[in-house]
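Numbering (our numbering), first residue to last: 33 to 411.
Please note: incorrect hints may appear among the correct ones.
[Claimed, not checked] What follows is a list of derived Cβ distance ranges for each label pair:
# : residue 1 : residue 2 : range
1 : S34       : L266      : 28 to 36 angstroms
2 : A326      : G277      : 19 to 27 angstroms
3 : A243      : P105      : 48 to 56 angstroms
4 : A372      : A222      : 20 to 28 angstroms
It should be emphasised that the hints constitute simulated quantities derived from the structure, not laboratory data. Idealized CB from N, CA, C, for every residue including glycine.
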Amino acid sequence: MSDARILSVRCLLLRLPLPRPIRGPFGVLSARPNLVAVVETSAGARGLGEIWANFPPWGPHERAAIVEEAIRPLLEGETLDDPARFHALMHARLRLLANQWGAPGPVHQAIAGVDIALWDAFAQARGVPLARLLHPAGAPRMRLPVYASGIRADAAATIEAARRRGHLRFKLQTAFSIEENRRLLSEGRAAAGDAPLMTDANQTFTRASLAALRDDLVAARLLWVEEPFPVDDLQAYRDWPRELGLPLAFGENARGVDGLDEVIALGADVVQPDITKTAGITAGLEIGRRVVAAGRKLCLHMYGGGLGVLASAHLTAAIDGAHWLETDANENPLYDEVFAPAIRIAGGELELPEGPGLGVALRDDAVARFGVDPRRGGA
């Protein structure tokens, strides 16, 4: 078959209001932002990718500008023969910009989302689900174990609601005061029963607060503690108290293959790349296989939109030995109002769509209702 030309590369920004704001250590979300990279080809494919843009409020506009000003001119008119070639090209051409600007994170995120869209379009042209294209034997598992994340103040109610939606595994957020964290750990374990339970501190622990919570963390029988310290405090991660018997998880804020190699070297038991923040599909495949080869658990991080979840699910399915995939415990309109078919969880598993590429299409009504100008500054 002859490969198609890339006709256009652009971004769509959707903002879906939330009935209740989400409060975390980095700020407050009153709406779910979803920055979607769109790649259209001469063969009629429309590839979709998610660019991480939860925070800060002006972040989506900044990343959209990277796509428009720096990435679009590189790709339009090119033949979509090898997405990995374009991944290397984007990083090579934008490296100096990222260095001079001091903004490697936004650059990585923009490239990652476009890379996902390129792979979606590439697999569509071949008429196969992306997971089948990526799997070395073309036979990935199409049902994946997932866990429910983002369980905060109303832990018991959130766990029960997530269980009704098909979840069997749960992760608390313990990024609050010591007393609130203590309550969440106790309430979360009681609500989860014997089900797997984890916690994410969102980089908020200090050595002192960890010491204050150590008995509570152990009593909660956690499968892992995620990002306990600021991720640039490498010594704190080296000094993690292994005698507690609590596995250590991090990696979502590392960048590129080298960054994830450092996560492995620092002793992460669970490695959590986020392919919408870095890597995309191209480097995500390499990173994921390295994690599994190192004997660590590979659990792709994904706390954003449904497109990111589906891309992460296809990648997880393509890597033999990959572990659980993160999904949102809360009602998330980005899972069921933006594209079709919607994400559904049953028996603790996500079933991948059988359609080509990611297997989903944007809903025109969602774009009309929730679309905003991706290049307009501010919140």
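A quick look at each hint next to the structure:
no.	hint	in the structure
1	S34 - L266: 28 to 36 angstroms	49 angstroms, violated
2	A326 - G277: 19 to 27 angstroms	21 angstroms, holds
3	A243 - P105: 48 to 56 angstroms	53 angstroms, holds
4	A372 - A222: 20 to 28 angstroms	37 angstroms, violated
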